[in-house]
Amino acid sequence: MPKIQSLKDFIKKPSFILTLILLAFFFKGVFIATLFPIFTGQDEARHYNTAQFLAEPREKSWLITDRDIKKDKVTIRDYNFSEEIQEAGVAADFDILRHEMYNTSLFSDSTGYDGKNEALINSMPWKPYNYFSPPDTAGKSLYHRLASLIEKIFANQSILVRFYLIRILSVFLGTLTIFLAYLITRNIGFRPRESLILAAIIAFHPKLSMYTTNINYDALLIPIFALFTLGGVLSLKNGLNWKNILLMLAAIILGFYTKGIALVLLPVFAGLVLFHLYKKFGKEKNILHYVLAIFLLIIFLFFSFRVAGHSLTGLLPFKGSATETFSSLQSYLSKSLTIGRFALSSRTYWGSLGWEDNWISDNFTNIVWSIEFFAVAGLIWFLFSKKNPEYLPDKTNIIFLMFMIAALQLGIRLFDWNVFASTGSLDIGTPGRYFLPNLAAHIILVFTGLGMLLRKENYFRNSLIAGLILMFSFCLYLIFNVVLPRYYF
Amino acid sequence: MPKISIKNIFLFAIAFLVFIILLKFLSDWSFPDTSWPLEKGEKVKMETSQPLVQKFTASRDGLERIKVLFANSSLGDGGILEMKIYDETCSQLLRESSLKVTSLDSGNIIDFTFSRIPNSKDKSFCLNLAYKPQKGAKSANIFLLNNPSPQSQFLSLNGQERPGQSIAMRPAYQNSSLWQNIVELDRRMSQYKPWFLKSYYLLIIAFLFIFFSILSVILLIL
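As given, the protein sequences belong to chains A and B, one line each in that order.
In case it helps, this note's numbering puts the first sequence at residues 1 to 489.
In case it helps, this note's numbering puts the second sequence at residues 1001 to 1222.
Bear in mind the hints are in silico, worked out from the structure with no lab data behind them.
It is possible that some hints are incorrect.
Claimed, not checked - Some but not every residue of chain B turned toward chain A, in silico, with C-beta under 8 Å: (1) 1017; (2) 1029; (3) 1030; (4) 1034; (5) 1094; (6) 1095.
Each residue gets a CB set at the ideal place from its N, CA and C atoms; glycine is no exception.
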């Protein structure tokens, strides 16, 4: 009997359950990575081509032909990708999968576990080199450099081995995000059980589960945002110290080397440091040298931003006169801030909702919006209430998370406006996946709002479990009832 | 009467939802014959007065559904799509399937499901497809393809024979046991994957994903 009791105690330990959540996320990710055929992730062929381009020998001993990047591409051969990506894509039926939503790969029933052209792909007849210039790539981010390392280490292996190993790298980064999300929830003030449930809800978020199986630099940007959020939360918990400053600076600099949108972390960081300084020295008059220190720090970070290859002027849409800029903003807002566009962002934030035409696809975001409506009401009450429940985080943490959400929203829309100002159309848009870096903050805010309305800790915990059951079921539904049948039945 | 605890309600809820997902998964489970072309070919209206007749040969045992690609159709108030599967003489009705539709967009693929035909391999069947509108004479549109495959034997549409053509469709099959279905799905998912994501490795990954997921959720509820 004592043995059974000790086993019961062991399986209820937070570290054990956290390990299970991380293992579940990792194996779910590897399964989903296998579920999606080669190159079918978001812009995946372009990101993989970037890794291949970075892995190319410095001396280009092959003939390179100039070819403009086409706007309307019909087949994968129309892209300025490496020969290997183009030919392996054709051999693995990528064009069918990409353009014919109703179709599947042309499976082979006679070759067992291998596709019809798999032996050809594995014989590596094509070079992983870009024969067209300019190559169709997505920058030289840290993620692509990590991916290019895998590309180089496994250069003598088939493209299938290299490609799927990089997908597994993304899954590993996603698993890291879940671990960081747990640390955020634990340090922000939730109790261990609630922290685990929140981490599990994030782990079963379908879009995060699917996006972190793609070859895409966002797979690195997401844990970087989580790292920064953790640094911020720790600073609010323990006060500003070298550990949490280092976490935030590391996140900002890694972010700069990953994607330009990480610039939005800078004003949040500056705001956080100013908050801490105000708290400490607000009543003293001579805080000039601290302000100077922040100023120098921001200059240093902007310098890092430049060194990482980004241009602030390139990111901002202020190109003409003030009147032109204002007119461009007006036009952008009228086209982008519509219910239809918000709905599209929301649908693509949660998962593959546009793939099926049924009740769940039609109503899921409405249900989420209804829940969020109550959560917002709860958050407003939370912010203006003098006494909040003990089982919820304190106000400063919640305000910090709101700033994180606002900064990323603003950054994405600024970037979208910038492209709109140049092309006159919403070429980039605001797909839901762009907001995933703040998923942990979003989920915490929603449940804090609901927790405020529910007022009792056991009701709050039950709302979390209900949320977990719904997220888990929705994730399984999208995997087994939507994505799997689309590619294999 | 014993009081039902909230934990038990949550456990029941998750069991119920997983059961529904599993049920839907099993109902979708079929293996279409991808040697049949499935493209947006010539768009043709299906007259409501005469059913479409497509004769075809099944390539394996376990014929269980026919997937048909429809074209963009103005259906008015909608209607019933009805498929009947006859023997090769088109006289003995073997299976039938019908479903109500209110809209058909370009690229809508519709599954006509019926009970499994165990010994279907190399047998010819006569497929009879009709659209019965609820009101008015609106018609459904279908795609026709050039299909020289011997599996597609005969097509008659709107009373006119179409030699060398077939509708955009795929017969789909199920195996006789769940394990055989799992093995075949494993085979399909393994295609164009590296060795460490194929065959038994893939089955182990799928098992670990489901096992750890369900275990962690249950422990969080308890």
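Here's how the hints hold up against the structure:
1. The interface hint given for residue 1017 of chain B is met, as the beta carbon of that residue sits about 4 Å from the closest beta carbon of chain A, less than 8 Å.
2. With a least beta-carbon distance of about 7 Å to chain A, the hint placing residue 1029 of chain B at the interface is held under the 8 Å criterion.
3. Residue-level restraint check for residue 1030 of chain B holds (minimum Cβ-Cβ distance to chain A is 6 Å; threshold 8 Å).
4. Interface hint status for residue 1034 of chain B: upheld, as the beta-carbon distance to the closest one in chain A is roughly 5 Å, under 8 Å.
5. The beta carbon of residue 1094 of chain B is not positioned within 8 Å of any beta carbon in chain A (closest approach about 23 Å), and the interface hint is therefore violated.
6. Checking residue 1095 of chain B against chain A: minimum C-beta separation of about 19 Å lies over 8 Å; hint violated.
The structure does not agree with the numbered hints 5 and 6 stated previously, though it agrees with the rest.
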